[in-house]
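Colleague: If you read the protein sequences in the order shown, they are chains A and B. Each residue of the first sequence is one higher than the last, beginning at 0 in numbering that gives the first Met the number 0. Each residue of the second sequence is one higher than the last, beginning at 0 in numbering that gives the first Met the number 0.
Identical chains share a label here; the pair holds if one copy fits it or two copies do between them.
Within a straight-line C-alpha distance of at most 30 angstroms, the following computed DSS-like cross-link-like pairs (lysine-lysine) qualify:
1. Lys292 to Lys76
2. Lys75 to Lys290
3. Lys77 to Lys290
4. Lys292 to Lys77
5. Lys76 to Lys290
6. Lys76 to Lys148
7. Lys148 to Lys77
8. Lys49 to Lys77
9. Lys274 to Lys177
10. Lys278 to Lys219
11. Lys98 to Lys75
12. Lys292 to Lys219
13. Lys128 to Lys77
14. Lys128 to Lys274
15. Lys75 to Lys148
16. Lys49 to Lys98
17. Lys278 to Lys292
Please keep in mind that the hints were generated in silico from the structure rather than gathered at the bench.
2 protein chains.
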Amino acid sequence: MMYLGIDLGGTNISAGITDENGNILVKASTPTMNGRETEDIIDDMAELSKRLMTELKVSEKDIEAVGIGMPGTMDKKKGISLYANNLNFNNVNVVDEMKKRIDLPCYIENDANCAAIGENVCGVAYGNKNIIYITIGTGVGAGIIINGKVFDGSFGGGGEAGHMVIVAEGEECTCGRKGCWEAYASATALRREGRIAAAKYPNSKIYDLVDGNIKLIDAKTVFDAADMGDEVANGIVDMYIKYVAIGLVNLVNIFQPETIIIGGGVCAQGDKLIKPITKILNERVYGGELKTKICVATLGNDAGIVGAAMLGKINREEI
Amino acid sequence: MMYLGIDLGGTNISAGITDENGNILVKASTPTMNGRETEDIIDDMAELSKRLMTELKVSEKDIEAVGIGMPGTMDKKKGISLYANNLNFNNVNVVDEMKKRIDLPCYIENDANCAAIGENVCGVAYGNKNIIYITIGTGVGAGIIINGKVFDGSFGGGGEAGHMVIVAEGEECTCGRKGCWEAYASATALRREGRIAAAKYPNSKIYDLVDGNIKLIDAKTVFDAADMGDEVANGIVDMYIKYVAIGLVNLVNIFQPETIIIGGGVCAQGDKLIKPITKILNERVYGGELKTKICVATLGNDAGIVGAAMLGKINREEI
Numbered sequence: 000m001m002y003l004g005i006d007l008g009g010t011n012i013s014a015g016i017t018d019e020n021g022n023i024l025v026k027a028s029t030p031t032m033n034g035r036e037t038e039d040i041i042d043d044m045a046e047l048s049k050r051l052m053t054e055l056k057v058s059e060k061d062i063e064a065v066g067i068g069m070p071g072t073m074d075k076k077k078g079i080s081l082y083a084n085n086l087n088f089n090n091v092n093v094v095d096e097m098k099k100r101i102d103l104p105c106y107i108e109n110d111a112n113c114a115a116i117g118e119n120v121c122g123v124a125y126g127n128k129n130i131i132y133i134t135i136g137t138g139v140g141a142g143i144i145i146n147g148k149v150f151d152g153s154f155g156g157g158g159e160a161g162h163m164v165i166v167a168e169g170e171e172c173t174c175g176r177k178g179c180w181e182a183y184a185s186a187t188a189l190r191r192e193g194r195i196a197a198a199k200y201p202n203s204k205i206y207d208l209v210d211g212n213i214k215l216i217d218a219k220t221v222f223d224a225a226d227m228g229d230e231v232a233n234g235i236v237d238m239y240i241k242y243v244a245i246g247l248v249n250l251v252n253i254f255q256p257e258t259i260i261i262g263g264g265v266c267a268q269g270d271k272l273i274k275p276i277t278k279i280l281n282e283r284v285y286g287g288e289l290k291t292k293i294c295v296a297t298l299g300n301d302a303g304i305v306g307a308a309m310l311g312k313i314n315r316e317e318i
Numbered sequence: 000m001m002y003l004g005i006d007l008g009g010t011n012i013s014a015g016i017t018d019e020n021g022n023i024l025v026k027a028s029t030p031t032m033n034g035r036e037t038e039d040i041i042d043d044m045a046e047l048s049k050r051l052m053t054e055l056k057v058s059e060k061d062i063e064a065v066g067i068g069m070p071g072t073m074d075k076k077k078g079i080s081l082y083a084n085n086l087n088f089n090n091v092n093v094v095d096e097m098k099k100r101i102d103l104p105c106y107i108e109n110d111a112n113c114a115a116i117g118e119n120v121c122g123v124a125y126g127n128k129n130i131i132y133i134t135i136g137t138g139v140g141a142g143i144i145i146n147g148k149v150f151d152g153s154f155g156g157g158g159e160a161g162h163m164v165i166v167a168e169g170e171e172c173t174c175g176r177k178g179c180w181e182a183y184a185s186a187t188a189l190r191r192e193g194r195i196a197a198a199k200y201p202n203s204k205i206y207d208l209v210d211g212n213i214k215l216i217d218a219k220t221v222f223d224a225a226d227m228g229d230e231v232a233n234g235i236v237d238m239y240i241k242y243v244a245i246g247l248v249n250l251v252n253i254f255q256p257e258t259i260i261i262g263g264g265v266c267a268q269g270d271k272l273i274k275p276i277t278k279i280l281n282e283r284v285y286g287g288e289l290k291t292k293i294c295v296a297t298l299g300n301d302a303g304i305v306g307a308a309m310l311g312k313i314n315r316e317e318i
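So here's chain A without its partners, still in its complex pose (with noise of 0.2 angstroms):
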C-alpha cells in the first residue's frame, strides 16, 4: 500500500507518494503563493496530488491515506487548522475540503512533528522510543515523540520548546515575552546580531559580504564571514552556538531522549554546528554523561513529506 504526504510550507506546496516503510517513490512541489484564498492553495494541493498520481501511474485505490504537514495550531481529530500565522489558515477544515477533491482519508498535524515522525520513521532516529526534532527557521519550533508517538500535550498545543525562557527579561521574543530560546537560537535571531556587528564594525566580513547593504545580512552571511576567518563573525557565532546549546541542554535534562534532530536551514552548517554544539552539551548536562545524540535531519525537505505520508499509516493503526 502507498501513502500521500503533502508539506505545506509558507513558499512551496511539497508532496510525495510514499510505500509503507516512508520511501519516496515520486515526489513533486508547487510554489505555495501565499496569500491567496485557501480553497487555491487546497485546489493546488489536491492538483498536485493527482499529479502525482498519474506519474506513477496509480489511482486513489491504491493509496491509504492523505496526510498533510502544516505550520500553526490545529485541531486534529476535527481537522480544522486553527491558526497559522504564516499561512492566513485561520479556522479553515482542511481535511473535509480536501475530501472534497480527493476521495481519501486525510489528516492533518503540524509541521515539526511531522518532520520528527519522517526522521523517526526512516531517517536519522530511526525506530527510536524517544526524540525531538527541533527546527531552526524563522522561529524555533519542535516535534516531540515520546514512545514512537507525537507528543503535544494535553490540549494539543504543547511541544513549545522554542518559547522556553532560557534569559530572563532578556531580548523579546515575537510571541511577547522576553528571553524566549527562539529569540535567541532562530535564524532570525543570528540575523539580527549579524546586522548589529555589521553596522558597529564596518571592517568586517560580514559588512563585506553584502557590500555594506545591511538588510541583505541573513544567518548564512555570518556563517560564511565566520568560516573565512572573521573575528565578529566568529564571536557571534559561537555566542549563537551557546544559545542553541543552553536550549538543548535543558531539553536533554528534561526529556533525555535518544535522539535530537536539528532540521532547518541552520541544519545545512553540519558538523560546525553540531560539533560545538555536542562540546558544550557533554560538559553541560546534569549528571555529567551526554547520552541522546544530536545530530542534522537526513531527509532535509523531505522529513515533512514523509512524516505527512506516515499519517496515514499511524492514524489507522490507531483506529
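Assemble chain B onto chain A, guided by the hints.
Modeller: Relative to the frame of chain A, chain B by itself:
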C-alpha cells in the same frame, strides 16, 4: 489486595499499606538516621513494614508488592540505587536487599515520580493523562507522567526540570552550571535571598524574626515577614514567585499537561503561592490561554507513600 509503600527520605522513613485504589489503611514513620550503613536503614524499612502488617493484622500473603520511593538516580529494572547524594545509597541493590527481608515483589522509583503517581492515582490530579509534579525544597525536582506513565527519558535520567537554565550565566547551581531554575525557585534560593536582604536591611522583619541571627533564616521566615507586611520580604517573595512562574511557563509551553502540582515545604503557602503564579501564567503562556491547572499537592507527605505503594500495581499490570 493491598500494597505496601515506603518513602525513604533523608530525614524520615515513612511507610504505609494501601488498598488497591491507593487509600492508606495504616501508616507510620521512623527517623532515617542518615549516615548509617545502608543495610541498617534497609533493616528499619523492613521492620517498619512488618510492624504495619501486624498493626493491620495482615501478613505477607495479603500484600501484593512493596514499592520504595527514594531520591537520586537508579536502575529500576535491576532495583539498584545508583546515586543519591543525600543518602549514601550508591550502587546499592535496594530491591535484592529488601527481598532478603520481606518475601514480596519489590520495586523502586524516584521520590518525585512517586509523589506524581500518588497525586495521579488518588490526589488532586486523579485520572489525568499528563501531569507534572514539582517538588520545591532544598532543590527543585520533577515527576513527569505522560499518558498515565512515569516519563524519565530513554536512559532513566530525564525529568530534571530543576536543571533547566532560565537565566543564562545566572546564579550558580549545585549542579555546577549557572542559572538553573533550581538556583532561583528552590527553598534554598529563597533562603539565600532572605539572608542577603536581612544583612542589607537590618530594619526588615526578616532580620527581626530571627533576632538578627541570620543563619536561622529559612524560606518560611521570608514568607512570614512578607505576611507581616514587610516591604523587603514582599519584594523577595514577588521576585521568587516570578522565577517559579518562569519555569512553570516553560513547562506548560512544552508539555501543556492537565495539571501541574507543586509539592514540597513551600506548598504550605497554598493560595499565597498559587494565585500570583496562576496570574503570571495566564499572562505569559504561549497562545495566551492557560489550560493547565496549577495547584498544590493535596496528599502532602502521603503522596510519596501512596505512589510507592502503587508501584506494585503499575509494574505488575505492565508485566
